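Construct all of the structure, not just a fragment, from the sequences and the given hints.
Protein chains: 2
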Amino acid sequence: MSSTEKLIARQEDFNEWYNSLVLKAELADYGPARGTMIVRPYGWALWENIQAALDKRFKATGHENAAFPMFIPKSFLEKEAKHVEGFAPELAIVTIGGGEELTEPLVVRPTSETIIGHAYAKWVQSYRDLPILINLWNSVVRWELRTKLFLRTLEFFWQEGHTAHASAEEAQAETRQMLDVYTDFAINEAAVPVIPGEKSENERFAGAVQTFTIEAIMGDGKALQSGTSHYMGQNFAKAFDIKFLNKNGVQEYCATTSWGLSTRFIGAIIMTHGDDNGLIMPPRLAPIQSVIVPIFKSNESERNAVLSAGDAIYQELSDLSVRVKLDARDNLSPGFKFNEWELKGVPVRIEIGPRDLQNNTVMISRRDRPGKEGKQIVARDQLGATVLSLLVEIQKAMLDKATAFRNANIHDVTNYDDFKTAISSGFARVWWAGSSIDETRIKEETKATLRCFPLDQPNGTGTCFLTNKEAHRVAIFGKSY
Amino acid sequence: MSSTEKLIARQEDFNEWYNSLVLKAELADYGPARGTMIVRPYGWALWENIQAALDKRFKATGHENAAFPMFIPKSFLEKEAKHVEGFAPELAIVTIGGGEELTEPLVVRPTSETIIGHAYAKWVQSYRDLPILINLWNSVVRWELRTKLFLRTLEFFWQEGHTAHASAEEAQAETRQMLDVYTDFAINEAAVPVIPGEKSENERFAGAVQTFTIEAIMGDGKALQSGTSHYMGQNFAKAFDIKFLNKNGVQEYCATTSWGLSTRFIGAIIMTHGDDNGLIMPPRLAPIQSVIVPIFKSNESERNAVLSAGDAIYQELSDLSVRVKLDARDNLSPGFKFNEWELKGVPVRIEIGPRDLQNNTVMISRRDRPGKEGKQIVARDQLGATVLSLLVEIQKAMLDKATAFRNANIHDVTNYDDFKTAISSGFARVWWAGSSIDETRIKEETKATLRCFPLDQPNGTGTCFLTNKEAHRVAIFGKSY
Chain F
1 MSSTEKLIAR QEDFNEWYNS LVLKAELADY GPARGTMIVR PYGWALWENI
51 QAALDKRFKA TGHENAAFPM FIPKSFLEKE AKHVEGFAPE LAIVTIGGGE
101 ELTEPLVVRP TSETIIGHAY AKWVQSYRDL PILINLWNSV VRWELRTKLF
151 LRTLEFFWQE GHTAHASAEE AQAETRQMLD VYTDFAINEA AVPVIPGEKS
201 ENERFAGAVQ TFTIEAIMGD GKALQSGTSH YMGQNFAKAF DIKFLNKNGV
251 QEYCATTSWG LSTRFIGAII MTHGDDNGLI MPPRLAPIQS VIVPIFKSNE
301 SERNAVLSAG DAIYQELSDL SVRVKLDARD NLSPGFKFNE WELKGVPVRI
351 EIGPRDLQNN TVMISRRDRP GKEGKQIVAR DQLGATVLSL LVEIQKAMLD
401 KATAFRNANI HDVTNYDDFK TAISSGFARV WWAGSSIDET RIKEETKATL
451 RCFPLDQPNG TGTCFLTNKE AHRVAIFGKS Y
Chain C
1 MSSTEKLIAR QEDFNEWYNS LVLKAELADY GPARGTMIVR PYGWALWENI
51 QAALDKRFKA TGHENAAFPM FIPKSFLEKE AKHVEGFAPE LAIVTIGGGE
101 ELTEPLVVRP TSETIIGHAY AKWVQSYRDL PILINLWNSV VRWELRTKLF
151 LRTLEFFWQE GHTAHASAEE AQAETRQMLD VYTDFAINEA AVPVIPGEKS
201 ENERFAGAVQ TFTIEAIMGD GKALQSGTSH YMGQNFAKAF DIKFLNKNGV
251 QEYCATTSWG LSTRFIGAII MTHGDDNGLI MPPRLAPIQS VIVPIFKSNE
301 SERNAVLSAG DAIYQELSDL SVRVKLDARD NLSPGFKFNE WELKGVPVRI
351 EIGPRDLQNN TVMISRRDRP GKEGKQIVAR DQLGATVLSL LVEIQKAMLD
401 KATAFRNANI HDVTNYDDFK TAISSGFARV WWAGSSIDET RIKEETKATL
451 RCFPLDQPNG TGTCFLTNKE AHRVAIFGKS Y
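Going down the list, the protein sequences come from chains F and C. Using our numbering, the first residue of the first sequence is number 1, and each one after it goes up by one. Using our numbering, the first residue of the second sequence is number 1, and each one after it goes up by one.
In case anyone wonders, no lab produced these hints; they're calculated from the structure. Incorrect hints may appear among the rest.
Within a straight-line C-alpha distance of at most 20 angstroms, the following computed DMTMM-like cross-link-like pairs (lysine to aspartate or glutamate) qualify [stated by the list, open to error]:
hint	chain 1	residue 1	chain 2	residue 2
1	F	K337	C	D129
2	F	K396	F	E101
3	C	K74	F	E101
4	C	K24	C	E342
5	C	K401	C	E373
6	C	K325	F	D129
7	C	K24	F	E48
8	F	K56	C	D319
9	C	K122	F	D29
10	C	K325	C	E101
11	F	K59	C	D327
12	F	K469	F	D438
13	F	K24	C	D129
14	F	K372	F	E351
15	C	K337	F	D356
16	F	K122	C	E342
17	F	K122	C	E5
18	C	K337	C	D276
19	F	K122	C	E26
20	F	K247	C	D330
21	C	K74	C	E85
22	F	K74	C	E100
23	C	K122	F	E26
24	C	K24	F	D129
25	F	K59	C	D311
26	C	K59	C	D184
27	F	K325	C	D129
28	C	K372	C	E393
29	C	K56	F	D55
30	C	K59	C	E144
31	C	K479	C	E16
32	C	K122	F	E5
33	C	K372	C	E342
34	F	K325	C	E64
35	F	K479	F	E203
36	F	K74	C	E101
37	C	K59	F	D311
38	C	K59	F	E48
39	C	K247	F	E351
Just so you know, these numbers come straight off a predicted model, no measurement behind them.
Here it is in structure tokens:
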């Protein structure tokens, strides 16, 4: 059962608000080994809805799922120079198996490019075997020191797509297509108004030629990288010898991509939408879209009448494909239940009591509009239609609110002082012509990083806010967790 | 692309038939680390259908999915004496993380009872928190020496259910309920006529009070344990201190269960139904239920007419929720395609050529009835209805055939000589009053193990075939892989 203690206010301590909300709402818990995470049923149900929404999009774009081993021979990581440089410090290594020291230690996958490269080299012979469009739903391990539930844990759950193509153009189109898929998912399923863009060289995936990202702004103005799509060029194809005979009978290397979105996205949902009373779930992904709270006194016949009305509502909404729950627990007060379902962010609450039975009505409350404004008394025979349209309306209202917040917290600045003010509460959008070294300097001085060069660019050129050089694109900077 | 070399005949070398079929049909491949497995898209699509069929049943019986970390502190395994005895020799152990030697090594889960026990002890306080009904879809690692794709690999994919209850009776009912779920799934979805029963003490799960199993007979007469359900009594509750305040305010230990079914079941499907031409997929689980092979010569207008008829059939069958594929590859002959889809076990093949267009017909072939008997010419406007009813008919015919095979290969025997003959080609069913030591002796002398005491028992008593003592139940013995 969820705790009944009140959450700390978001304004007071956003970090503490987040940590205690994740635990109290029973989304996740700490595993016994340092930095590991248990995703509890309510959190996993959210992840299953995220998976379904993404998986549908992956299959519609021609991808198939598969599964690869979690153990990778350590030597594989070393075949791509930048890849090993990026991942070597974060590896978990199995040195003992079946009671014996292994002759070659096995790495628990931090990501699967290398083992995929090995398999694709075997499977691809001719241009007719291409493209290979495979996605994996699994977990990976990175030995993080500062961990935080969902955002950064030793093991995390994700999907990783890995594709191989006959040409650079096709692989680049795939990279961008999957960025579009993530953007569409984030905006239209999660109501998280992400900014799609390209990473700078400093922030690129280890081994990639280009990394694209969707960046989200959280309730405290910080940035969360919420999904990435990488164009590898021939880097991995050369490291693993993924070659094919082209139509002219000539051997060529493939071009490859990879793209991933993880349970970190649950963090994005929590910190985009949550308020001082708890989670607010976007209806399209909510594990429970509507909860029915029956209200009755100890009187047995009243209790039976109200519960049977609750059952009828449950059945009606289930038949309309609403994910609905009837909270019939009789050891808890309605007030306790209201708090608990608010904490868990259920979009629509339905109350039904003896007076409603008399009047043939129910009381409906919107989670995203606390107080009177979000309440309405609805005729019983209008309930189904009202809930369905409310779910659509809430989804839209959540996206509108988050988009307004995002827009209000992106500041166009032209000098370093204003930049520092901007990134103290949100994003700074700037013309940028700095070098990698300039970027590192900003990070050291302000803790802000270049989140992305947004795809959506203004016309023309401008003056770099730092170097005063002529700049051909704008960048977004922000602090992250 | 699948290999075109012919499979070895099942009769000639069942083991080699199986191994090469798994590879050629692109169900799976070997991973680079010894004993690991890549499940390729065609194999994973089958597993996804198995998952969906089971998950629906788990949810209908009140279970929720969650995810637990793969890393378990080594000391956890040691808390339940028999559990550690069973699993210690098979562990993969992480000793290095983030470049440093770990102070406590981490085990990669061989199964999750211990880490679950740790969490449940924290989550359960009162009888109101019970039961906990959780299932995990994940992979586990056991350091096997003799490995075989799907049947026994270092890492395998499965589900593991873990439940905690307020009473022994409730936990026992859960154990049996999940055995029933597995039995129903195996028979009605996979057409694998399993025998549900209880394991002997020798074959029990390490730490269980009772282990139930579904046992299947393969095409070579060997036994395959295809799913298990364990009643743990209070063994794990005591080891991990899972206690609750009962209704009378007294502290009690919970009773727990666990139950699992793995990708090994794919092996059961292959070896129950496959023939010399390859796989035969049960329609309800088949990744592709029907394949359309268009037949045309190089003539462009003929090709276009046939392909557009193929498209129309594809659309029509998709609309009827048939999982259908149009094989429009134009670099391969129809004969090559026929062999490939036979190898992959697609239940219904539809051929369409120029003559069919003229006659307004199509040719339909059943995978489970090779030769003329399985072919029919069907009027084009009867196609949809015919395919739908054929899929049901094939499912039933496969179950009937497998059941007849099973029944013909269970031999009731009353002495050790006949027993040895029986287990050379199938199962021996015997009255059994032997001891664990007798059972071990039989295993050493004949390689046969006590597969289960079937739930379906004859009335009365009999004479033990080995000891001549009075026996109260029959047991089934068989050889396994």
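Now for the hints, and whether the structure bears them out:
1. Taking the CA atoms of F:K337 and C:D129, the gap is about 16 angstroms. The hint holds against a cut of 20 angstroms.
2. Under the criterion of a C-alpha separation no larger than 20 angstroms, the hint pairing F:K396 with F:E101 is inconsistent with the structure, at around 57 angstroms.
3. In summary, the hint linking C:K74 to F:E101 is supported, as the alpha carbons are separated by about 16 angstroms, within the 20 angstroms threshold.
4. The suggested pairing of C:K24 with C:E342 holds, with an alpha-carbon distance near 12 angstroms, which does not exceed 20 angstroms.
5. As the CA atoms of C:K401 and C:E373 are separated by approximately 16 angstroms, the hinted pair is consistent with the 20 angstroms bound.
6. Between C:K325 and F:D129, the direct Cα distance comes to roughly 18 angstroms. Compliance with the 20 angstroms bound is thereby established for this hinted pair.
7. With a C-alpha separation of about 33 angstroms, the suggested pairing of C:K24 with F:E48 is violated against the 20 angstroms cut-off.
8. For the hint pairing F:K56 with C:D319, the CA-to-CA distance comes to about 17 angstroms; that is within 20 angstroms, so the pair holds.
9. Pair hint C:K122 plus F:D29 holds up; C-alpha atoms about 10 angstroms apart against a cutoff of 20 angstroms.
10. As the CA atoms of C:K325 and C:E101 are separated by approximately 52 angstroms, the hinted pair breaks the 20 angstroms bound.
11. The suggested pairing of F:K59 with C:D327 holds, with an alpha-carbon distance near 18 angstroms, which does not exceed 20 angstroms.
12. For a cut-off of 20 angstroms, the pair hint linking F:K469 to F:D438 stands: about 12 angstroms separates their Cα positions.
13. Proposed proximity of F:K24 and C:D129 is supported: the alpha carbons are some 15 angstroms apart, at most 20 angstroms.
14. A hinted pair counts as satisfied when its Cα atoms are at most 20 angstroms apart, and F:K372 with F:E351 qualifies at roughly 14 angstroms.
15. Restraint check for C:K337 and F:D356: not satisfied, since their Cα atoms lie roughly 65 angstroms apart, outside the 20 angstroms limit.
16. Note on F:K122 and C:E342: the hinted pairing is violated, with a Cα-Cα distance of about 24 angstroms set against a maximum of 20 angstroms.
17. Straight-line distance between C-alpha atoms of F:K122 and C:E5 comes to about 18 angstroms, which keeps the hinted pair within the 20 angstroms bound.
18. In summary, the hint linking C:K337 to C:D276 is supported, as the alpha carbons are separated by about 17 angstroms, within the 20 angstroms threshold.
19. The suggested pairing of F:K122 with C:E26 holds, with an alpha-carbon distance near 13 angstroms, which does not exceed 20 angstroms.
20. At roughly 15 angstroms between alpha-carbon atoms, F:K247 and C:D330 fall within 20 angstroms of each other, so this suggested pair holds.
21. Between C:K74 and C:E85 the CA atoms are separated by roughly 13 angstroms; this keeps the pair inside 20 angstroms, and the hint holds.
22. Proximity of F:K74 to C:E100 is assessed by CA-CA distance (about 16 angstroms); at most 20 angstroms being required, the pair is judged to hold.
23. For the proposed pair C:K122 and F:E26, the alpha carbon gap of about 13 angstroms is at most 20 angstroms, so the pair holds.
24. The hinted pair formed by C:K24 and F:D129 meets the criterion: a straight-line CA distance of about 15 angstroms does not exceed 20 angstroms.
25. Under the criterion of a C-alpha separation no larger than 20 angstroms, the hint pairing F:K59 with C:D311 is consistent with the structure, at around 19 angstroms.
26. At roughly 15 angstroms between alpha-carbon atoms, C:K59 and C:D184 fall within 20 angstroms of each other, so this suggested pair holds.
27. Among the hinted pairs, F:K325 with C:D129 is consistent with the structure: their alpha-carbon atoms are about 18 angstroms apart, no more than 20 angstroms.
28. The hinted pair formed by C:K372 and C:E393 meets the criterion: a straight-line CA distance of about 17 angstroms does not exceed 20 angstroms.
29. As the CA atoms of C:K56 and F:D55 are separated by approximately 18 angstroms, the hinted pair is consistent with the 20 angstroms bound.
30. For the given pair, C:K59 sits about 32 angstroms from C:E144 by alpha-carbon distance, which is inconsistent with the 20 angstroms threshold.
31. At most 20 angstroms may separate the alpha-carbon atoms for a hinted pair to count; C:K479 and C:E16 meet this at roughly 18 angstroms.
32. Only pairs whose Cα atoms come within 20 angstroms are accepted, and C:K122 paired with F:E5 is accepted, the gap being roughly 18 angstroms.
33. Restraint check for C:K372 and C:E342: satisfied, since their Cα atoms lie roughly 15 angstroms apart, inside the 20 angstroms limit.
34. Using a Cα cut-off of 20 angstroms, the hinted pair F:K325 and C:E64 holds, with the two alpha carbons roughly 14 angstroms apart.
35. Our distance criterion of 20 angstroms between C-alpha atoms is met by F:K479 and F:E203, whose separation comes to about 13 angstroms.
36. Proximity of F:K74 to C:E101 is assessed by CA-CA distance (about 16 angstroms); at most 20 angstroms being required, the pair is judged to hold.
37. In summary, the hint linking C:K59 to F:D311 is supported, as the alpha carbons are separated by about 19 angstroms, within the 20 angstroms threshold.
38. Distance hint between C:K59 and F:E48 is fulfilled; the C-alpha atoms sit about 13 angstroms from each other, no more than 20 angstroms.
39. As the CA atoms of C:K247 and F:E351 are separated by approximately 29 angstroms, the hinted pair breaks the 20 angstroms bound.
Hints 2, 7, 10, 15, 16, 30, 39 from the earlier list are contradicted by this structure; the remaining hints agree with it.
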